[in-house]
Amino acid sequence: MSASAEKPSVVIFGGLNTCSRALAALLVPLEGERLVSHLRIVDKFSVHPPTTYLGAEFPKVLAQPDVEYRQVNLTVPAAVSSAFDPPSGQAPYSYVFDLTGEINHDRGEGIAIQMTFLVAKIIANEAARRKVKAYVRLQQPVYESPEKGLHDEKEDVKPVRPLDIWWHETSRMLASIQDLNLVIVRAGFVYGPYVDFGLYAAVTTVASVYGYMKKPMKTLWGPGKDRMDTVHIDDVAGGMWACAEWIAPLGRKEADIVAGEKILFHNEKSKVAEVEGTCPPNSQPIAPVFNLVDDSETTLVKGGSMITEYFGTTFEFYDFVTNTVAKFKLDDVVEEINEHHVGTWTEMLQTSNPPISHTPLNAYMDKYALSRHRLAYNNGKIKGVVGYKLKRPDFCHETLKEVVEKWKAEGSWPILEGH
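Residues 1 to 419 (the UniProt record's numbering) are what the sequence shown spells out, left to right.
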């Protein structure tokens with residue numbers, strides 16, 4: 001048997017606009033040993049032409065002969081089932097990575113149910129029917145931690161916003177599928193090359209504007225001691241792969257014994273009664289759960305100060321009055337805060353050498369970005385049980401420079417004299 005035949009065949013669902021591109025680059029690198037015999041990526045977006053940001057390197061990954069991309073409506077069960085059928089001559093897919101789920105908090109609860117809960121249910125039920133050896137689900141940072149201390153997987157951290165609640169409800173539903181070889185990976189706030197979504201892409205963009213203006217960057221929620229744990233995109237990919245390799249030889253029953261956690265109810269009973277496939281409110285499904293964050297111990301003030309320092313400015317907080325208004329009427333201060341920097345970002349793009357007409361980056365801080373966030377995860381379990389070693393343990397100037405320089409190289413970040 002050839003070496004490639006002994007390697008798993010893998011399908012990735014969703015996440016083209018979040019973390020799938022980095023996972024694909026790990027599995028089928030342009031240089032170095034491949035981890036899989038065949039890779040299929042399935043999502044709703046087009047890649048020719050692209051209808052979402054792909055980054056400079058991902059098209060090269062897609063161009064390889066053992067990589068296939070399929071544009072599929074993931075809300076259609078028959079289309080999802082077809083995506084599980086391997087190419088002629090290839091072994092059935094044995095590892096499934098589920099990176100689906102809505103990430104835009106501005107969209108309604110109905111979209112969250114359809115694009116997060118229902119899509120995952122369709123994929124997971126098909127994966128269980130096909131008896132895949134590993135089903136790794138990436139959970140975005142949808143929880144708010146208590147104010148003090150670090151929190152491990154046994155603690156009942158709670159989702160707050162409607163979108164967050166349906167991400168959590170999705171985890172409960174997946175955990176209830178007994179024949180599914182499931183691992184849930186709960187990531188921190190993701191950053192890294194070509195990561196244009198989430199909190200830290202926005203903060204980095206806005207910090208650069210204040211560096212350009214030579215003014216301090218101000219934000220809410222001083223004194224900023226809340227933990228906002230980060231994770232590099234390379235570790236999202238590496239951690240998910242490690243979890244697949246961990247559960248594949250174990251199986252779900254043994255994995256639950258070793259790493260299973262109860263996933264408790266945090267929704268409204270009337271709402272789950274209206275959605276087919278939800279767990280009963282009184283049930284406590286169990287599944288292996290792992291926190292995935294780096295060792296940076298990032299807080300709002302620590303992360304903000306590090307980023308603004310990189311751009312040659314400082315990080316400060318709004319006064320007590322503005323904070324008080326934001327606490328009760330955040331909508332009232334969102335536009336006021338944005339008017340200080342959004343126009344300048346456009347100016348930076350126009351005066352860049354060469355000028356930039358299109359970029360995935362946006363200096364507008366929406367209500368979610370300006371909300372208070374507390375995410376304080378203990379990462380000891382994935383290190384101890386799975387044996388995962390972080391590739392990028394520190395969120396620092398070095399990792400931030402790599403992000404900015406790659407955006408500059410592809411023409412997404414302004415190149416300005418003296419900056």
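Rather than coming from a laboratory, the hints here were simulated on the basis of the structure.
Each hint should be verified, as a subset may be incorrect.
Below, a list of computed lysine-lysine pairs in the DSSO-like style, where the Cα atoms sit at most 30 Å apart [to be verified]:
#1 Lys408 with Lys214
#2 Lys406 with Lys131
#3 Lys389 with Lys401
#4 Lys158 with Lys7
#5 Lys401 with Lys133
#6 Lys148 with Lys133
#7 Lys158 with Lys214
#8 Lys133 with Lys302
Outcome of the hint check:
1. Lys408 with Lys214: 21 Å, holds
2. Lys406 with Lys131: Violated, at about 40 Å.
3. Lys389 with Lys401: 23 Å, holds
4. Lys158 with Lys7: 38 Å, violated
5. Lys401 with Lys133: Given that 30 Å is the threshold and the Cα spacing comes to 38 Å, the pair is violated.
6. Lys148 with Lys133: 38 Å, violated
7. Lys158 with Lys214: At roughly 39 Å apart (the allowed maximum being 30 Å), Lys214 and Lys158 break the hint.
8. Lys133 with Lys302: 41 Å, violated
Taken one by one, the earlier hints fail for this structure at numbers 2, 4, 5, 6, 7, 8, listed in ascending order.
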